[in-house]
Amino acid sequence: AQGDLAFTAVMLKAVPGDDPSTGDWRFEAFGPDGTPLSDLRPACISCHATQGANDFVFSGAQ
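Here the working numbering runs 304 ahead of the position in the sequence shown, where the first position is 1.
Keep in mind that the hints were calculated from the coordinates and are not lab data.
Being a predicted model, the structure only gives us computed values, none of them experimental.
All C-beta atoms in this analysis are idealised placements derived from N, C-alpha and C, irrespective of residue type, glycine included.
No false leads were mixed into what you were given.
Cβ-Cβ distance ranges computed for the label pairs, FRET-style:
{"no.": "1", "residue 1": "ILE349", "residue 2": "ALA310", "range": "16 to 22 Å"}
{"no.": "2", "residue 1": "PRO320", "residue 2": "ARG345", "range": "19 to 25 Å"}
{"no.": "3", "residue 1": "PHE311", "residue 2": "ALA353", "range": "18 to 24 Å"}
{"no.": "4", "residue 1": "THR339", "residue 2": "SER363", "range": "25 to 31 Å"}
{"no.": "5", "residue 1": "LEU309", "residue 2": "GLY356", "range": "26 to 32 Å"}
{"no.": "6", "residue 1": "ASP323", "residue 2": "ASP343", "range": "14 to 20 Å"}
With the hints as extra help, turn the sequences into a complete structure.
Here it is in structure tokens:
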């Protein structure tokens with residue numbers, strides 16, 4: 305069985321130098337109705353930071 309959508313997470317690669325601390329990625333999350341959920345951004349960044357050597361992207365091909 306499937307549950308209701310909790311949120312949609314998005315990563316957007318920005319221009320070089322936009323935010324070197326995140327590899328120039330922007331992290332956003334939106335609720336089911338499209339409302340921005342900026343309170344989730346720090347958790348996304350801290351988790352993806354563990355993949356800094358892989359351009360902050362999780363991949364099965366490692």
